[in-house]
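Order-wise, the sequence lines are chains A and B. The first sequence lines up with residues 1 to 271 when you count with my numbering. The second sequence lines up with residues 1 to 75 when you count with my numbering.
Calculated from the structure, these hints are not laboratory results. Glycine residues also receive a C-beta, built at the ideal position from the N, C-alpha and C atoms. Wrong hints could be hidden among the right ones.
Said to hold, decoys possible - Anything over 10 Å on all C-beta distances counts as not near chain A; from chain B, calculated:
{"no.": "1", "residue": "20"}
{"no.": "2", "residue": "33"}
{"no.": "3", "residue": "35"}
{"no.": "4", "residue": "36"}
{"no.": "5", "residue": "37"}
Unchecked claim - Straight line, CA to CA, 35 Å or less: simulated DSBU-like cross-link-like pairs of lysine-lysine:
{"no.": "6", "chain 1": "B", "residue 1": "10", "chain 2": "A", "residue 2": "263"}
{"no.": "7", "chain 1": "A", "residue 1": "266", "chain 2": "B", "residue 2": "10"}
{"no.": "8", "chain 1": "A", "residue 1": "191", "chain 2": "B", "residue 2": "29"}
{"no.": "9", "chain 1": "B", "residue 1": "29", "chain 2": "A", "residue 2": "264"}
One-letter residues, chain by chain:
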Amino acid sequence: MKQGLTSAAGFPACRPGEMLVTDAGKSHPGGVALSLRKQEFIRGVRDTLPLLLGAFPFGLIYGAVAATSGLSPAAAMAMSAFVFAGSSQFIAVGLVAAQTPVAIIVLTTLIVNLRHMLYSATLVPYLKDLSQKWRIPLAFWLTDETFAVTVHRFRQGDASAEKHWYQLGSSVAMYLNWQFWCLSGLMLGKKIPDASDWGLDVAMPITFIGMIIPFVKTTPVAVCILAAGAASLLSLNLPYKLGIVVSAFVGIAAGLMTERNLKKAKRALAS
Amino acid sequence: MAPWIEASLKFIPPAVLTAITLPAVLLPKGEWHLSFSNPYLVAALVTTAAGIRTRNLLATIAVGLGAFFGYRLLL
């Protein structure tokens with residue numbers, strides 16, 4: 001899949017000059033290279049600091065919600081350590097609490113994370129000369145936040161050959177921050193007696209509403225949300241929470257059709 | 001990547017999130033609860049308003065949680 005994405009990625013951000021210098025696998029750990037790596041790493045951490053603040057309520061609430069979902073604390077922490085994806089973890093915990101079959105959980109989280117295909121396609125031109133030893137951890141640690149700051153760094157014109165260290169710095173900062181707040185949330189959730197009666201499960205819809213709003217910038221996305229919402233209420237009787245997947249596809253189709261019709265209308269107006 | 005797949009990627013997160021959120025708010029305990037005595041629904045409306053107004057995730061979540069627990073105390 002990686003190869004296919006490389007050839008298909010028609011992204012304007014890809015500058016051939018930069019790809020040549022991102023050949024860090026061959027540079028030797030001399031004094032100059034080492035300090036440049038350190039600089040890039042620290043810059044990655046520093047540019048990610050405001051995003052750590054944004055991730056802290058997610059982590060805390062994830063831990064608290066997970067504590068009341070029926071997952072063991074070890075399983076909840078293992079999910080943070082090995083899945084490391086905010087919305088997927090929320091969805092997975094919600095589905096676990098609703099006693100959803102594993103296959104549906106896997107399918108739903110797969111769909112939620114499909115956007116990472118677009119992220120990888122965007123980053124491949126910058127990372128394709130790195131060894132697997134680098135690419136696998138960077139791919140695992142990629143989040144919306146790290147993607148946002150890193151793609152900005154890669155697109156800067158300077159010839160630094162160690163920009164992947166910047167991504168590593170951002171990734172490690174996000175990862176440690178996430179583990180810390182998830183653990184804190186778990187301990188908090190366990191300390192509160194009868195936490196399940198407290199209505200902490202409200203944190204999930206509230207967080208999701210907060211996440212949905214920034215997406216609603218265009219008419220097609222607004223139509224997509226309305227269609228997905230209507231479909232979710234009409235498909236409540238489907239077994240295994242299949243309604244979520246069905247509704248997602250209804251919303252996506254509605255968004256695509258709206259986008260196409262708007263483009264057509266614009267063309268008709270122009271001619 | 002086919003152009004239509006690329007175009008559909010941006011719809012995926014809001015579509016999935018909405019499909020999970022709306023039933024959780026309107027049927028909080030698995031039963032329809034379409035009234036102002038449903039704190040989940042009231043908190044969702046307040047959260048939406050706060051999100052549109054502040055455009056700040058941290059503030060939105062804080063307001064939403066405050067609205068939920070405050071409203072439950074009032075009920």
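Hints versus structure:
1. A beta-carbon of chain A comes within 10 Å of the beta-carbon of residue 20 of chain B; the shortest separation is about 6 Å.
2. With a least beta-carbon separation of about 13 Å from chain A, residue 33 of chain B lies farther than 10 Å from that chain, consistent with its non-interface assignment.
3. With a least CB separation of 16 Å from chain A, residue 35 of chain B remains clear of the 10 Å interface cut-off, as annotated.
4. For residue 36 of chain B, the condition that its CB be more than 10 Å from all CB atoms of chain A holds, with the nearest at approximately 16 Å.
5. With a minimum CB-CB distance of about 14 Å to chain A, residue 37 of chain B clears the 10 Å threshold, and the non-interface call stands.
6. Straight-line distance between C-alpha atoms of residue 10 of chain B and residue 263 of chain A comes to about 17 Å, which keeps the hinted pair within the 35 Å bound.
7. Using a Cα cut-off of 35 Å, the hinted pair residue 266 of chain A and residue 10 of chain B holds, with the two alpha carbons roughly 21 Å apart.
8. Our distance criterion of 35 Å between C-alpha atoms is met by residue 191 of chain A and residue 29 of chain B, whose separation comes to about 24 Å.
9. Distance check on the hinted pair: residue 29 of chain B and residue 264 of chain A sit about 44 Å apart at the alpha-carbon level, beyond 35 Å; violated.
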